[in-house]
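Chain by chain, the residues run as shown.
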Amino acid sequence: MYANRRSRLIGFLYLAPALLFVGVFTAWPFLNMFWISLNEWGLITEPTFIGLENYQDAFADKQFWVSLLFTLKYTLLITPPLIIGGYLIALLTAENTPIRRFTRTVVFIPVVIGLGVSSLLWYWLFSGDFGFVNKILHDLGLIGKSILWLGVDADRSTYSIIVSIVWKVIGFGMILFVGAIQAIPTEVTEAAMVDGASYWQRVRRVILPLTMRTVLLVTLVSIIGSLLAFDQFYIMTAGQPNNLTATSVFYVYLNSFQYLHLGYGAALSLILAVIILAFTVVQLALTRRSQA
Amino acid sequence: MWASGAKIEAAGPGDEPLTGDGVKQVLQFARDMVKAGNVPEGAQAENGETFHLQFGTGNLGMMGTGNFNITLARDQMKGHEFEFGISLLPGVEDGKSASFIGGDLVVIPKGSKRVEDAVQFMKFLLSDEVQVESYAKLLNLTTRSDMTDNKYFQAEPLVQDVAKALEVGKTPYTTTFFEQINSPQGPWLQMLQRAYYKDDDLETIIADAKKAMKDIAAKG
Numbered sequence: 001m002y003a004n005r006r007s008r009l010i011g012f013l014y015l016a017p018a019l020l021f022v023g024v025f026t027a028w029p030f031l032n033m034f035w036i037s038l039n040e041w042g043l044i045t046e047p048t049f050i051g052l053e054n055y056q057d058a059f060a061d062k063q064f065w066v067s068l069l070f071t072l073k074y075t076l077l078i079t080p081p082l083i084i085g086g087y088l089i090a091l092l093t094a095e096n097t098p099i100r101r102f103t104r105t106v107v108f109i110p111v112v113i114g115l116g117v118s119s120l121l122w123y124w125l126f127s128g129d130f131g132f133v134n135k136i137l138h139d140l141g142l143i144g145k146s147i148l149w150l151g152v153d154a155d156r157s158t159y160s161i162i163v164s165i166v167w168k169v170i171g172f173g174m175i176l177f178v179g180a181i182q183a184i185p186t187e188v189t190e191a192a193m194v195d196g197a198s199y200w201q202r203v204r205r206v207i208l209p210l211t212m213r214t215v216l217l218v219t220l221v222s223i224i225g226s227l228l229a230f231d232q233f234y235i236m237t238a239g240q241p242n243n244l245t246a247t248s249v250f251y252v253y254l255n256s257f258q259y260l261h262l263g264y265g266a267a268l269s270l271i272l273a274v275i276i277l278a279f280t281v282v283q284l285a286l287t288r289r290s291q292a
Numbered sequence: 001m002w003a004s005g006a007k008i009e010a011a012g013p014g015d016e017p018l019t020g021d022g023v024k025q026v027l028q029f030a031r032d033m034v035k036a037g038n039v040p041e042g043a044q045a046e047n048g049e050t051f052h053l054q055f056g057t058g059n060l061g062m063m064g065t066g067n068f069n070i071t072l073a074r075d076q077m078k079g080h081e082f083e084f085g086i087s088l089l090p091g092v093e094d095g096k097s098a099s100f101i102g103g104d105l106v107v108i109p110k111g112s113k114r115v116e117d118a119v120q121f122m123k124f125l126l127s128d129e130v131q132v133e134s135y136a137k138l139l140n141l142t143t144r145s146d147m148t149d150n151k152y153f154q155a156e157p158l159v160q161d162v163a164k165a166l167e168v169g170k171t172p173y174t175t176t177f178f179e180q181i182n183s184p185q186g187p188w189l190q191m192l193q194r195a196y197y198k199d200d201d202l203e204t205i206i207a208d209a210k211k212a213m214k215d216i217a218a219k220g
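If you read the sequences in order, they're chains C and B.
The opening residue of the first sequence carries number 1 in my numbering; numbering runs sequentially from there.
The opening residue of the second sequence carries number 1 in my numbering; numbering runs sequentially from there.
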C-alpha cells in the first residue's frame, strides 16, 4: 500500500512540470479568455459582466459568419494542393541523392521564412503596377493590361494568396512525408517489385498505406493552420474587397485590439476554438481507424 | 471634405456623421478623377506598401501623406533628379484647405488613479524644450502651434509649409475612430471604395455609410 502510494507520488512528480506548463500556458489563459468573453471590456476601462450577451451578438453578427465561411472555403481550397503537392514532391525526392537533397532544401527554404515577410514579398510580387508577376506575363505577351491580383476580386485574391502560401508551406509537409517514406523498410517495396508491381501500384498499395498516419498528421496541422490564417490576409488584402477575404482570426483581431471589444473578441475566439476542436476530433478518429 | 466644410465622424451616440455638402462634392470629384484615369489602377488594392512607388514612374504626382515623408524622401532620393513640394489638402472652393493632425494621442483614461502624474507628464511633453529639442529636431510637427518658429524648421522650408497645417488641421474626436474610419472593414473605407469604383448613387452610398457610422458610435 505504502509502495503503491509512493510510486503514485513519484509518477505525479514526473508529470508535474508538464502539468504546470499546460496549466500556466494553456488551461489558465483558456479559462481567463472564457471569463473575458462574459464581460464587456474596452481594455482601458474596468470590465462589466454581461453574461452570454457576447455569444448572442456573435451568432447575430453577419460579418463573423461571412468571415467563418470564407475561412472554411480557404481551408478547403488550400489543403489539397498542400497535401497532394507535398506528397508528390516527397515521392520525387525521398531517395538520398545529391540532386534530390538539393531539391528538398530548395523546397524547404520558404518554410523557415516568417509568414509576415513572405506575405510582404508576395504583396510586392503581385503588385498591380510594379509587380514581377504582371511584368513577366506582360513580357510573355499573355496580358495586355495589368491584372490587380489582390484586394479587388475576392476569388482572384484568394487564389493569389493560396499560391503564396503553397510556396511558403509545401516544404513542411514534404519533409515529414520524406521522413515517413524513408522509414518504410526497403524489403517491403522490393517484395512488391519482385511481385511485378509498377511504380504507381507500389505508391498506391504500399507507400501510401504505410505513410497514412503522417498524411493525416500533416492534414490536421494544415487544416488547423488554415483555419487560423491571419498574417497573409492582414498584409495582402486586409479583408478587401468588401470584407470578402477577411478570415475569422482577422475579424477576432480587429474586434479585440483595434475596436477594443475584448470581451466580444474572446467570445469569437472561443467559438472558433470549438470549431477547430471539432475538426481535430474527427481527424483523430480517422487516425485511430487507420491505426486499427 | 473638411476643407469643404463637411463633418466626418460621429463623435458619440446620436451624433450625425458625414454632414455638409462637401461630402458628396468631394466624393464626386474623386470619382471623376478615377473615371478619367488620373488615379493609378493599383490604388484600389493599395495597402500603403507601394503607393510611394508611383513617384518612380517619372510623372508629376500627388499623394496624401504625413510630414515624416520629408526626411524619407530627401534621404532616399539623394542623387536623383527629384523635386517635391507640399500643399495642404484643398477644398472644392479656391483658397480653402484643411489637414489631418494627430495619430498619436496622450490621454488620461476615465477612472485613472494617477491623474496628477499624467498631467505632469503632459506638461513635460508640451514644454518648450521637448517641443523643440525632441519634436522639431526630428522634423516632427510640434504639438503647440506657437512653437513652429524654431531653428530646425527654419532650416527646412518644407516643414514650415507643413506647420501651416496646425492652423487649419483637425483631429477626429471619437472613441470609435478606428471602427468608423481607419478599419479596412469600416464604413469609411467601404464608402470610398464604393464611390470610386462602383456606379452606385452617391446619396445612397453616403446614407449607408452614415447609418453604419451611427450604429458604431451608438454601441460605443
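Do not rely on the hints blindly, as some may be mistaken.
Using 25 Å as the maximum straight-line C-alpha spacing, the simulated BS3-like pairs for lysine-lysine come out as follows [what the hints assert, rightly or not]:
{"hint": "1", "chain 1": "B", "residue 1": "Lys-210", "chain 2": "C", "residue 2": "Lys-62"}
{"hint": "2", "chain 1": "B", "residue 1": "Lys-35", "chain 2": "C", "residue 2": "Lys-62"}
{"hint": "3", "chain 1": "C", "residue 1": "Lys-62", "chain 2": "B", "residue 2": "Lys-198"}
{"hint": "4", "chain 1": "B", "residue 1": "Lys-210", "chain 2": "B", "residue 2": "Lys-7"}
{"hint": "5", "chain 1": "C", "residue 1": "Lys-62", "chain 2": "B", "residue 2": "Lys-7"}
{"hint": "6", "chain 1": "B", "residue 1": "Lys-35", "chain 2": "C", "residue 2": "Lys-73"}
{"hint": "7", "chain 1": "B", "residue 1": "Lys-35", "chain 2": "C", "residue 2": "Lys-145"}
{"hint": "8", "chain 1": "B", "residue 1": "Lys-198", "chain 2": "C", "residue 2": "Lys-145"}
{"hint": "9", "chain 1": "B", "residue 1": "Lys-7", "chain 2": "B", "residue 2": "Lys-219"}
What the hints contain is simulated information worked out from the structure, not anything from laboratory work.
A quick note: this is a predicted structure, and the numbers were derived from the prediction, not measured.
Hints versus structure:
Restraint check: the Cα-Cα separation between B/Lys-210 and C/Lys-62 comes to about 19 Å, which is no more than 25 Å; the hinted pair holds. A C-alpha spacing of about 32 Å is found between B/Lys-35 and C/Lys-62, which places the hinted pair above 25 Å, so the restraint is violated. Taken as a hint, the C/Lys-62 and B/Lys-198 pair is honoured in the structure, with Cα atoms around 23 Å apart against an allowance of 25 Å. The suggested pairing of B/Lys-210 with B/Lys-7 holds, with an alpha-carbon distance near 11 Å, which does not exceed 25 Å.
Restraint check: the Cα-Cα separation between C/Lys-62 and B/Lys-7 comes to about 29 Å, which exceeds 25 Å; the hinted pair is violated. For the hint pairing B/Lys-35 with C/Lys-73, the CA-to-CA distance comes to about 34 Å; that exceeds 25 Å, so the pair is violated. At roughly 16 Å between alpha-carbon atoms, B/Lys-35 and C/Lys-145 fall within 25 Å of each other, so this suggested pair holds. The hinted pair formed by B/Lys-198 and C/Lys-145 meets the criterion: a straight-line CA distance of about 20 Å does not exceed 25 Å.
For the hint pairing B/Lys-7 with B/Lys-219, the CA-to-CA distance comes to about 20 Å; that is within 25 Å, so the pair holds.
The structure is inconsistent with the numbered hints 2, 5, 6, although it conforms to all the rest.
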